[in-house]
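Enquirer: The lines below spell out each chain.
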Amino acid sequence: MVGYLARRFLQAIVVVLGVVLIVFLLSRMIPGGEARAVLGERASPQAIARFNRVQGFDQPIWLQFWHYVIGLPQLKLGYSYKFTQPVWSIISTRLPKTLVLVGTAVVLALVVAVPLGVIQVVRRHKPTDYVLTGFSFILFAMPAFFLGTLLIILFSFDLKLLPVSPPSGASPFAMWTDPKAFIMPVLTLAAVSIATFSRYMRSSLLDAMAEDYIRTARAKGASNKRVLFGHALRNALIPIITLLGLTLPVIVSGAVITEDVFNYPGMGLLVVNAAENTDIPLVLGTTLVITVATVIGSLIADILYVLVDPRIRYGGSF
Amino acid sequence: MTEAEEFHDTPAFGTDPSSSPVAVGPDLVVPEEALEAAEEMGGGPSGGEAQSTGGIGVQIVRTFWEHKLAVVSLAVLILMILFCWVGPLIYHTQQANQNLVLVNPTNAPPGGQFPLGTTQTGFDELGRIMYGGKVSLTVGLLSALVATVMGVVYGAVAGFFGRWLDALMMRFVDIVLSIPLLFLLIALVTIFKSSEGLLIFVIAGVSWLVPARLVRGETLSLRTREYVQAVRGMGGRGGRIIGRHIIPNAVGTIVVFATFQVATSILILAALGFLGFGVPAPATDWGSMLSNAIAAAGNGWWWEFYPVGICIVLVVIAFNFIGDALRDALEVRTQRR
Chain Z
443 MVGYLARRFL QAIVVVLGVV LIVFLLSRMI PGGEARAVLG ERASPQAIAR
493 FNRVQGFDQP IWLQFWHYVI GLPQLKLGYS YKFTQPVWSI ISTRLPKTLV
543 LVGTAVVLAL VVAVPLGVIQ VVRRHKPTDY VLTGFSFILF AMPAFFLGTL
593 LIILFSFDLK LLPVSPPSGA SPFAMWTDPK AFIMPVLTLA AVSIATFSRY
643 MRSSLLDAMA EDYIRTARAK GASNKRVLFG HALRNALIPI ITLLGLTLPV
693 IVSGAVITED VFNYPGMGLL VVNAAENTDI PLVLGTTLVI TVATVIGSLI
743 ADILYVLVDP RIRYGGSF
Chain A
-17 MTEAEEFHDT PAFGTDPSSS PVAVGPDLVV PEEALEAAEE MGGGPSGGEA
33 QSTGGIGVQI VRTFWEHKLA VVSLAVLILM ILFCWVGPLI YHTQQANQNL
83 VLVNPTNAPP GGQFPLGTTQ TGFDELGRIM YGGKVSLTVG LLSALVATVM
133 GVVYGAVAGF FGRWLDALMM RFVDIVLSIP LLFLLIALVT IFKSSEGLLI
183 FVIAGVSWLV PARLVRGETL SLRTREYVQA VRGMGGRGGR IIGRHIIPNA
233 VGTIVVFATF QVATSILILA ALGFLGFGVP APATDWGSML SNAIAAAGNG
283 WWWEFYPVGI CIVLVVIAFN FIGDALRDAL EVRTQRR
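In the order they appear, the protein sequences are chains Z and A. The first sequence runs contiguously to residue 760 in the working numbering. The second sequence runs contiguously to residue 319 in the working numbering.
Same shape as in the complex, but just chain Z:
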C-alpha cells in the first residue's frame, strides 16, 4: 500500500512537471512572440529587441525553461501586462473561490447521486427507474450554460426566489453569509456529475449484486436491506471514488461555464476574461495553477480509495 501511494505520488509529480513543460512551450508559441502581444502590432524592431533582451527571451530555450522552472516555487508565474500585476497575485484571490465552488458541487453530487443509484437498483425496470434514467440522460446531454440559464430564468426572473448575482463579499466563504446566491451555481455545476455518478452507481451496484459474496450473505439469511446496504453498497462505492478522481478535471472544466453564467469570480471567469483581453501570461498561469490543484485533488481521491478498500494490496507494475 505504501509502495502504491509512493508510486502514485511520483506519478503526480511527473504529471505536474509535464504540464509545466507544455505551458512553457505554449507561452513560447505565441505568433510574433510575447513582445508583439505586449508592445502592439506597430512596435519597432528595436523596441522588440530591447523587450526580448530585458525579459531574457533572447537566451537559448532550455535556459529560459530552467529560469521558468526555478521561478515556480517562488510563485513567479509571469506578469500580466493588462492588469499590470504579477499573475500569481491575481490568481491567489480567485483560486479559493473555485475550490469552494467545486468542492461543494462534488459533495452535493455524491450526496444526491448515490441514493439515486440505489433507488434505481431497488426499483429497476419499473417506472421509477425509467423516469430517473430518462432524467439523468437529459441532465447528461444538457450543456451547463443551458441549464444555468434555465435556472436563472425560472428562479430569478419568473419566481423571483433567488438572486442572479453571485455571493457578495471577497471571502471565498461568502456562501455562508449569502447562501441564496450560492444555490444555483452549485446546482448547475453538480448536475452533470449527478447524472454520471448515478448511472455508474446503478451499474456498479448491479454488478456487486451479482457477486458470490451476496449469494453467501443471502444463504446466511441476511435480509434484503442488509444485503443491499451492508454488503453490496459498500463495495459498489469503490468504483465511484475512482470515477471521482478521473472526472475531477471535467468538473473543474465545468466550473468555467458555471462561473461565466453566474459571474462568479473564480478561476474560470478569470481565464475567460483574460482570454478576451488576449492576456496570454494570465491565461497560461491560470491553466497551470488550476491543473496543479486538479492533480492534487485526484491524488486525494486515490488516497481515499486505498483507505476505503483495505483489501487492496497493490503489487507489480501499475
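No wet-lab data here; the hints were simulated from the structure. One should not assume that every hint holds.
Mimicking EDC-like on lysine to aspartate or glutamate, the simulated pairs with C-alpha atoms at most 16 Å apart in a straight line are [to be verified]:
#: 1; chain 1: A; residue 1: LYS116; chain 2: A; residue 2: GLU178
#: 2; chain 1: A; residue 1: LYS175; chain 2: Z; residue 2: GLU483
#: 3; chain 1: Z; residue 1: LYS524; chain 2: Z; residue 2: ASP571
#: 4; chain 1: A; residue 1: LYS175; chain 2: Z; residue 2: ASP500
#: 5; chain 1: A; residue 1: LYS175; chain 2: Z; residue 2: GLU476
#: 6; chain 1: Z; residue 1: LYS524; chain 2: Z; residue 2: GLU718
Given the structure of chain Z, go ahead and fit chain A onto it with the hints provided.
Expert: Quick look at chain A alone, frame taken from chain Z:
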C-alpha cells in the same frame, strides 16, 4: 432463477437489457453452430468471404434495430442534417449581412414572415438555426473524425511497440488529460486566433487522448493473438500488422467511441461559443447563438433561446443513444470472439 442472477444487468447508459448475442429477434434465432461458423470465417481481419461477413453485418443491424430509441435518434439526426443543409435551399434567408437591422425588425415574435421570429440583430431565427447548425454539426463530426484517427494511430503504435515508447507516449496522454479541458482549449484558442477550421483541430487536439488509451488497451491484448504472431512469423512488419490486423479488429471500440465523441465535440464547441470563443461573426454556431440569446430570454423573447438550446440537447442525446446501441450491436461480434 435466483435473485442474484436477476440483478445482473447491462452496463452504464445501457438502455435495453434484452440484447443477448444469440436471440437476435423474436422471429429469428440464429443456431449456435451457424453463428460460430460465421465467426470463424468472417472474424478474420481483412473480411473473409462476403457471405459470412454479411451474416455478421445483418446481426449488427438487427441488434441496432432492437434499440428503438437509437432508431428514433437516427431519424432525428437525419432530419436535423436535412434541416441544416437542405433547409436553406428551400427557405432563403439573409445570414451574412451585418446591417439587417435596417431591413428586418429586431426581436420580432414568431409569425408571418418570420416563423421563429428574429434576433436582436434582425437575423431570421429559423434560418439562423440552420446556418449555425451547419457549423456545429460540421465541427462536431470532423473534429470527432480527426480525434479518432489521431487517437487510433497513436494508441496502436504505443500498444504495439510497447516498452519505453509505450511508457513515454502514455505518460504524455496522462499529462495532457490532467489539464482541465476548457482551460486548455481557451489557452489554445487565445494563442492561435479562432476560426472554423482551427476549432476543428483544436477540439480534436484535446479529444484524441481517450481513444488513444482505448486503442492501446485493445492493442495490448490483440498483439498476443495467434494470427498476429503468425503474421510476424511470416515476416510482416509493424506498420502492416497495425494497419491490416490490429486496427480492423479494434473497429468496434473505435466506432462506438467516435459516435460518443461527436456528441462531446458538439458540446465542447457549444461551450466555446457560449464563452465567446466560437466562430467569428457573422458566422455563428449554436453555442454562440445561445450566448447571444440570454438577455433576450430574460426579456421573455423565448424564440431566440429555447429552439436552439433544444437543438443542442436533441443532437447530443441522439448521438448518445446511437452510441449505446452500437456498443450493444458490435458486442455481438466482440463478446463471442
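Enquirer: Tell me if the straight-line CA distance from LYS175 of chain A to GLU476 of chain Z falls inside 16 Å.
Expert: With a Cα-Cα distance of about 15 Å, the restraint between LYS175 of chain A and GLU476 of chain Z holds, given a limit of 16 Å.
Enquirer: Could you grab the alpha-carbon distance between LYS116 of chain A and GLU178 of chain A and see if it respects the 16 Å cut-off?
Expert: holds, 11 Å
Enquirer: Mind checking the alpha carbons of LYS524 of chain Z and GLU718 of chain Z for me, to see if they're no more than 16 Å apart?
Expert: With Cα atoms ~11 Å apart, LYS524 of chain Z and GLU718 of chain Z stay inside 16 Å; holds.
Enquirer: Is LYS175 of chain A close enough to GLU483 of chain Z, meaning Cα to Cα at most 16 Å?
Expert: holds, 15 Å
Enquirer: For LYS524 of chain Z and ASP571 of chain Z, compute the direct alpha-carbon distance and say whether it is at most 16 Å.
Expert: Violated - the C-alpha atoms of ASP571 of chain Z and LYS524 of chain Z are around 53 Å apart, more than 16 Å.
Enquirer: For the pair supplied as a hint, LYS175 of chain A and ASP500 of chain Z, is the alpha-carbon distance within the 16 Å limit?
Expert: violated, 25 Å
Hints 3 and 4 from the earlier list are contradicted by this structure; the remaining hints agree with it.
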